[in-house]
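2 protein chains.
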Amino acid sequence: MNRNFGVIDLGSNTARLVVYEQDKQGLVTEVDNIKRGLRLSNHLQNGRMDDEGVAKTIHGMRQFKELLDARNINDIIAVATAAVRQAENGHELTQRINQETGIAVRVLSGEDEARYGYLAVINSMKIEEGITIDIGGGSTEVTYFRNRQLQESFSFPFGIVTLTQMFFQGDIPTETEFYQLRSFLSRSFSSCPWLMNKQCPVIAIGGTARNLAKIHQRSVQYSMDSFHHYPMTGWQLTTILEQLSPLPLEARRQVPGISKDRADVILAGLTVFDSLLSYADSTELIVSSKGLRDGILFETVWGTEAPTSIREIHERSITQFMNRYQIDKAHAYQVKEHALSLFDQLQAHDLHKYGSFERDLLEASALLHDVGRTINVHESSEHTFYLLSHVLLAGYTHRERLLIAMIAAFKSNKLLQSQLTKHADIVCKADKNLVERLGHLLLLARMLDRSMSQAIHSIQLVERDQHWVIECQGKRAGLLEYSLLDEPLAKLSKAWKLPITFLPVTDTDKT
Amino acid sequence: MNRNFGVIDLGSNTARLVVYEQDKQGLVTEVDNIKRGLRLSNHLQNGRMDDEGVAKTIHGMRQFKELLDARNINDIIAVATAAVRQAENGHELTQRINQETGIAVRVLSGEDEARYGYLAVINSMKIEEGITIDIGGGSTEVTYFRNRQLQESFSFPFGIVTLTQMFFQGDIPTETEFYQLRSFLSRSFSSCPWLMNKQCPVIAIGGTARNLAKIHQRSVQYSMDSFHHYPMTGWQLTTILEQLSPLPLEARRQVPGISKDRADVILAGLTVFDSLLSYADSTELIVSSKGLRDGILFETVWGTEAPTSIREIHERSITQFMNRYQIDKAHAYQVKEHALSLFDQLQAHDLHKYGSFERDLLEASALLHDVGRTINVHESSEHTFYLLSHVLLAGYTHRERLLIAMIAAFKSNKLLQSQLTKHADIVCKADKNLVERLGHLLLLARMLDRSMSQAIHSIQLVERDQHWVIECQGKRAGLLEYSLLDEPLAKLSKAWKLPITFLPVTDTDKT
Chain S
1 MNRNFGVIDL GSNTARLVVY EQDKQGLVTE VDNIKRGLRL SNHLQNGRMD
51 DEGVAKTIHG MRQFKELLDA RNINDIIAVA TAAVRQAENG HELTQRINQE
101 TGIAVRVLSG EDEARYGYLA VINSMKIEEG ITIDIGGGST EVTYFRNRQL
151 QESFSFPFGI VTLTQMFFQG DIPTETEFYQ LRSFLSRSFS SCPWLMNKQC
201 PVIAIGGTAR NLAKIHQRSV QYSMDSFHHY PMTGWQLTTI LEQLSPLPLE
251 ARRQVPGISK DRADVILAGL TVFDSLLSYA DSTELIVSSK GLRDGILFET
301 VWGTEAPTSI REIHERSITQ FMNRYQIDKA HAYQVKEHAL SLFDQLQAHD
351 LHKYGSFERD LLEASALLHD VGRTINVHES SEHTFYLLSH VLLAGYTHRE
401 RLLIAMIAAF KSNKLLQSQL TKHADIVCKA DKNLVERLGH LLLLARMLDR
451 SMSQAIHSIQ LVERDQHWVI ECQGKRAGLL EYSLLDEPLA KLSKAWKLPI
501 TFLPVTDTDK T
Chain E
1 MNRNFGVIDL GSNTARLVVY EQDKQGLVTE VDNIKRGLRL SNHLQNGRMD
51 DEGVAKTIHG MRQFKELLDA RNINDIIAVA TAAVRQAENG HELTQRINQE
101 TGIAVRVLSG EDEARYGYLA VINSMKIEEG ITIDIGGGST EVTYFRNRQL
151 QESFSFPFGI VTLTQMFFQG DIPTETEFYQ LRSFLSRSFS SCPWLMNKQC
201 PVIAIGGTAR NLAKIHQRSV QYSMDSFHHY PMTGWQLTTI LEQLSPLPLE
251 ARRQVPGISK DRADVILAGL TVFDSLLSYA DSTELIVSSK GLRDGILFET
301 VWGTEAPTSI REIHERSITQ FMNRYQIDKA HAYQVKEHAL SLFDQLQAHD
351 LHKYGSFERD LLEASALLHD VGRTINVHES SEHTFYLLSH VLLAGYTHRE
401 RLLIAMIAAF KSNKLLQSQL TKHADIVCKA DKNLVERLGH LLLLARMLDR
451 SMSQAIHSIQ LVERDQHWVI ECQGKRAGLL EYSLLDEPLA KLSKAWKLPI
501 TFLPVTDTDK T
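One line per chain: the protein sequences are S and E, in this order. If you read the first sequence in the UniProt record's numbering, its first letter stands for residue 1, the second for the next number, and so on. If you read the second sequence in the UniProt record's numbering, its first letter stands for residue 1, the second for the next number, and so on.
Just so you know, the hints here were simulated from the structure itself, not pulled from any lab data. Treat each hint with caution, since some may be false.
[Claimed, not checked] As a list, the in silico DMTMM-like pairs of lysine to aspartate or glutamate whose alpha-carbon atoms are at most 20 Å apart:
| hint | chain 1 | residue 1 | chain 2 | residue 2 |
| --- | --- | --- | --- | --- |
| 1 | S | 414 | S | 487 |
| 2 | E | 491 | S | 261 |
| 3 | E | 56 | S | 486 |
| 4 | S | 260 | E | 379 |
| 5 | E | 329 | S | 69 |
| 6 | S | 422 | E | 382 |
[Stated by the list, open to error] Chain S regions said to be covered by chain E (calculated; three or more residues, Cβ under 8 Å):
| hint | segment |
| --- | --- |
| 7 | 31 to 44 |
| 8 | 68 to 82 |
| 9 | 374 to 381 |
| 10 | 444 to 457 |
| 11 | 475 to 483 |
All figures in this text were calculated on a predicted structure; none of them were measured in a lab. Glycine included, every Cβ here is placed at the ideal spot set by N, Cα and C.
Given only the sequences and the hints, what does the whole structure look like? Please build it.
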C-alpha cells in the first residue's frame, strides 16, 4: 500500500499544505499543493497574535484538515515558523489548533528552520560551498556550508512582511527608506561575521527567491520552465530591484511574472538578497525551489544525514525518476553497462578526450533513455526529451539536464538541431558534437539489448586491419540484436569518423 | 496481474510484432513494436514461396519469438496475409513456423483483412460514411461503410510490391508505365461497382498511407505529430505524387519524411490511392494509422460488434486515457457534472448559443483536465496540454483534440495565445473566445471540487437583482471551496461579461 501524508508549513506570510504519496520503494511524489496567504506576521501586536490572526489560522488549518480528510490522510507533519514562534500566545494557538482540528503543530526553532533549508539545498543541488538564505514572512535563516557540510547557521527575527512594515511607509519606498533598510541589514549581518567576504554562491530559498527567478526568466524569455538551480548574477538581481523600486504597487503587480500577492513585500525581500551578496562579496545567486518543506521531507524519508557526495544525490534522483516513470531496470542497467563499456574502451584506445563529466552525462542518459515510453511507445524520444527537460532531476544544473535530455532522446540530427535552437540560451553549438557522439553510442548500446533480455552480456572493442571490431559476447547465435546492429553501427562510425563493425561471439564458441 | 500478449502481422512487405499489455480494467497499452522488412511478395515464384523467402520468414519469426520469450509472453496472436495466402506452399510454411517457433499463424482471407481494416477505422475515427483502402505488399483491401455499418468489402490480389514489379521497370517510371498501371487499376476497380462515384471520404490504411501523411506534414510543417485522422485533399495527394514521380530512386529517398525502405514502392501505392479517389469521385483522403493489427485488437478486446455511435467511441477513448494516466475519477466526474450543469443552465437562460459540439468538448476537457498531474503536479497544465496534443485520443479530429487540450489546460490567456500561435494551421483565432469561455467554466468547476471530496454536490444558477448567483449546495458550512471561489468567479464574469457571484447553501439550511 502506498502511504500518503501531508506536510503543513504554517509560515509567517503563507500557510501551505503539500500532500505526498510514498510508494513501496520509498519514492515520494507530490500529489497536491495548496496555499493560503494568511500574513500572520501582520497580526503580531505587542508580541501577541491578535484575535483575527488566531481566527484566520484556525480557519486555514481547518480547511487543510478538510482536504486531508477528503483524501483519508491522517499522517500529518505540521510545523510553524516565526510568527507563531515569536507570539507570546503561540503555545495557546497550537493547543487550540490541536483541539479544533487534531493537528499537532511543532513550532520550529530558528536553528531548525535554518538546518532544514540547508538540508533541502544539499540534497538537491550540485554545489560544494555556499551560503543559504531563506526569507520568510517573519524571519530569515542563513547558513554556511563547505564540502557540503553545515558550518554555521543563524536565524534573524525579521522577514519580508515585518521589514516592509518597519521600513516602507508609502506605495513607493523612498531612497531614504531603502538606505535605512540596508543599514539595518548590514548591522544585522555583522552579528554573523562568518558571512563576510565568503565569495561563494548565495542560494536563495523561499517564495521571494522563486518569484525572483520567475520575473527574470520572463524578462529574458528563458527557454526552460524550471526555477530550481537557476543561476543569476548579482548584477541581474540588482537590475530587477532597480526596475521594480520606482513603480507604484499597482504597476508593480503588472510586471510579467510577479506574484500578485507578493508584489507589496517583494522589494524588502530582494533588498535582503542584494545586501547579503554585498556583505558576503558574492557575485552569484542561485535560486532553490526546494526549501523548508523539502528539508523536512528529506529528514523524514532519508534521515538527517546529509549525503556526502553529489554522486549519491545523482544516483538517488535518477533512481527516483526511473521508479516514477516505471523504467524496465534490467534493460536500463544493461544499456548503461554497454554504453559505459564502449565509452571506456574508446578512451583506453585514445579515441576520445572526454572525461568524467561526459561519462556521467552518458550514464544518466543511458539509465533514463526510456522514460518517454511511459507516455507512449510512439514518438517516445520526443516524450523522453519533454520529461527530462520539464521535470526536475535533482542535483543537476539546467545545462546538464538539457544535455542528458538530448543524449537520452537522441534519434536524428534534425530533432537535435531543433532542441539546440530552442534552448540556445542554455546550451551552445559546441554541445552539438558531444550530444551527437554520445547519442550514437547510446543508440548502439540500446540496440545491443533490443530484446531487453540481456542476451549480449559483454562487448570488447578490438582493432583489426585498420578498423575496429566490437566483439559481442552473446548467449546464442542468431540473436535478434545481430540483425539490427548494422544501421546504428554505420551511423556511429560516421559520427565518430571511425570504421567500426561487429562480430558475434557465442558463449559456447569460447569454451 | 496484467496480461501481456503479442500480435504478429506477417505481411507481404513487412513483418511486425507489437507487444501489448492489458491491465485489470481491460485497458490495452502498446509496449513494444518491432518490424522487419521481409518483402515476401518478392519471393513468390510461380505461385510458390521460394526457399529464401521461407528461410527469411522462419528467421524473422524466430527473432520475434526471442523478443516475446525475453518478456515471458506466450499469448500470441499471429496472422499472415497475401504473400502466405497466395503461396501454394503457404500451409507448409505455417506448419514449419509452428514446428520451429511454436507460433500458430492464422492465414487471413482477403475478406477478413478487409473487415479488420474497417473495424480499425470505425473504432477510432469520427466518420459516418466512407471507403477504406488498405494497401499491403501483395494485396489491397477495400470496404464501403455507411452509418458506420459495413456494406461491402473486397480484396484485390495486388499490392505495392507486386504492382511495382508488374508495371515499373526502371529507376524512374515512365508516363506509359503510369498509364498502364492506372488502366489496370480502373479495370480492377470496375469489379467493385459499389465503389463508383460514392463521393465520400477515402480512408487510407497501412504503411503507404502513414508515409504519405508524414511526407505531407513535413512539407507543410504541420504543427501536430499525429498521422491518425489526418485529412488531405485529393489535390494534395496528386501534387505529392507528381513531385515524387520524376525523381530517381536515390533522390526520392532524400525527400523529407519518406521512409527509406519504402521509397521504391511508394509510387505504386500513391497511384492506387489517386486512382481510387478518381473512381469514387472523392475529394477527401483521411489517413488512418490504425489498421489490421488494431482491427484484430478491437475484435479481441471488444468483440466483433462495431460500436454504433461515435459517442461510445469517445466514451471509451476518454476512459482509456483516464485509466492510462491514473485520473482521480470521482473528482473528474464531479468536475464534469459541475461544468455541464453550468453550461446547461447558462443555455437555459439563453446566455450562450453553443450547442452539442461545444458541450462535448467541455465534457471531454472536464474529464481529462488532470492528466498532466501524472507527469508532475507542478506545471500540470502544461503537461496536460502536452499529453492531450501528443497522445492519440481516438475518435476525435486533430482540431477537436487541440480544442480539448486547450480547454482542459486553460489557465491564462498568455498560455492560450502561445498554443494558438503554435497551432495556427489547425485552430483559428475565432477559437480563442470559445476556449477562453469554456476554459473559465472549467476552472470554476474545478474549484467547486478543489478538496476532491465532492463536498459541493450541486449548483443552481439564479438571477437576482441584475446579476447572477450560483447557489452551491454543500455538505457543510465553511467549506474550503467557498474561500477559493472568488477569483475564478471574477475571471469567469469578465470572460462572459456577466456579473456572477456565489452563495453557499448548506444541506441542513433547506430542511
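So which of the earlier hints does this model not fit? Per hint list: zero violations.
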